[in-house]
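*Asks:* The opening residue of the sequence shown carries number 37 in my numbering; numbering runs sequentially from there.
Errors might be hidden in some of the hints.
Here are the simulated lysine-lysine pairs, BS3-like style, with alpha carbons at most 25 Å apart [as the list claims (entries may be wrong)]:
#, residue 1, residue 2
1, K173, K184
2, K83, K52
3, K173, K185
4, K176, K48
5, K173, K217
6, K52, K88
7, K176, K41
8, K202, K52
Using C-beta positions, here's what the derived DEER-type ranges look like [said to hold, decoys possible]:
#, residue 1, residue 2, range
9, D199, T141, 30 to 40 Å
10, K88, Y241, 19 to 29 Å
11, S172, V247, 50 to 60 Å
12, G47, N89, 50 to 60 Å
13, P56, L198, 17 to 27 Å
14, N228, K173, 30 to 40 Å
15, E40, E139, 15 to 25 Å
16, N39, K86, 55 to 65 Å
17, P56, G154, 10 to 20 Å
18, R169, Y53, 28 to 38 Å
Hint data in this document are derived by calculation from the structure and do not stem from the laboratory. Note that beta-carbon positions come from the ideal geometry of N, C-alpha and C, so glycine has one too.
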Amino acid sequence: MANEKLMEEVGKYIDKYYEPENDDIKMDKEMKSIFDKITNFRKRRGKDKKVKNLQDSQADYELDVSAPKEFDSSSMKKTKITKGMSQTISTNRNIDDLMSQMEETFSQRLLRMIDERGMTDSEVYTKAYVDRRHFSKIRKDVYYTPNKKTVLAFTIALELSLDEAKDLLRSAGFALSRSSKMDIIVAYFLQNKIYDMFEINDVLYAYGQPVFG
Numbered sequence: 037m038a039n040e041k042l043m044e045e046v047g048k049y050i051d052k053y054y055e056p057e058n059d060d061i062k063m064d065k066e067m068k069s070i071f072d073k074i075t076n077f078r079k080r081r082g083k084d085k086k087v088k089n090l091q092d093s094q095a096d097y098e099l100d101v102s103a104p105k106e107f108d109s110s111s112m113k114k115t116k117i118t119k120g121m122s123q124t125i126s127t128n129r130n131i132d133d134l135m136s137q138m139e140e141t142f143s144q145r146l147l148r149m150i151d152e153r154g155m156t157d158s159e160v161y162t163k164a165y166v167d168r169r170h171f172s173k174i175r176k177d178v179y180y181t182p183n184k185k186t187v188l189a190f191t192i193a194l195e196l197s198l199d200e201a202k203d204l205l206r207s208a209g210f211a212l213s214r215s216s217k218m219d220i221i222v223a224y225f226l227q228n229k230i231y232d233m234f235e236i237n238d239v240l241y242a243y244g245q246p247v248f249g
């Protein structure tokens, strides 16, 4: 049974965030943050396009550069251009990676996260209390989306941060809701980096919420 101190902490967390009528549809701080990130991404992408156009116009000059050796300033300019190209290539790769991740399906994101953590499929679905056949369906069908409870179980099994959990949920079309005590309890454990499924189930049961497994 969950200890008294933990129950008290979870109770305070629920009291702070639980809003029965709130399904996170309104433009709250979290949604504004997402929109700001998209806006900043679009601005960076616009700047990168301008830099790329500038590089294209300078490409011929860089290939045919034959300035006299005695002019130190020309070699300095060439170095600056080269550095700029290197930074732009790095930026473009980062943008490509970000775009790729934004376009991931739930299945793709889940499998990528498993690989990044050096875990095996069986380790993850066993810890998440997910049936092997169910996991096989997720792996084989790139567009398959399980229910929200299953996705939440994977966020715990993968030991995700709260932000990573939100991203995984979003890829499946879900979000943590302040109108769900289960969501708030899971968010509490993720935020505090507690991934003991037995302990989480104990608290969920104590608050009359569905348990994992």
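*Asks:* Does each hint fit the structure? Answer for all of them.
*Replies:* We went through each hint and held it up to the structure:
Using a Cα cut-off of 25 Å, the hinted pair K173 and K184 holds, with the two alpha carbons roughly 16 Å apart. This hinted pair does not check out: K83 and K52 have alpha carbons roughly 41 Å apart, beyond 25 Å. Taking the CA atoms of K173 and K185, the gap is about 16 Å. The hint holds against a cut of 25 Å. Between K176 and K48 the alpha-carbon distance is near 41 Å, which puts this suggested pair outside the 25 Å criterion.
Distance restraint check for K173 and K217: the Cα-Cα separation of roughly 29 Å exceeds the 25 Å cut-off, and the hinted pair is therefore not satisfied. Proposed proximity of K52 and K88 is contradicted: the alpha carbons are some 48 Å apart, above 25 Å. Restraint check for K176 and K41: not satisfied, since their Cα atoms lie roughly 43 Å apart, outside the 25 Å limit. Restraint check for K202 and K52: the C-alpha separation of about 19 Å stays at or below 25 Å, so the hint holds.
In this structure, D199 and T141 break the distance hint of 30 to 40 Å, their C-beta atoms being roughly 19 Å apart. At roughly 56 Å, the beta carbons of K88 and Y241 sit outside the given window of 19 to 29 Å. For the pair S172 and V247, the beta carbons lie near 24 Å from each other, so the given range of 50 to 60 Å is not met. With their beta carbons about 58 Å apart, G47 and N89 fall inside the hinted range of 50 to 60 Å.
Taken as a hint, the range 17 to 27 Å holds for the pair P56 and L198, whose Cβ atoms sit roughly 22 Å apart. Checking the proposed 30 to 40 Å range against N228 and K173 shows it holds: the Cβ atoms sit about 32 Å from each other. Between E40 and E139 the CB atoms are about 46 Å apart, so this pair departs from the stated range of 15 to 25 Å. Separation of N39 from K86 is about 58 Å and conforms to the stated range, judged on CB atoms against 55 to 65 Å.
The hinted window of 10 to 20 Å between P56 and G154 is violated, with their beta carbons roughly 41 Å apart. Roughly 35 Å separates the CB atoms of R169 and Y53, a value that falls within the hinted 28 to 38 Å.
Going down the numbered hints, you'll see the structure goes against 2, 4, 5, 6, 7, 9, 10, 11, 15 and 17, while the others check out.
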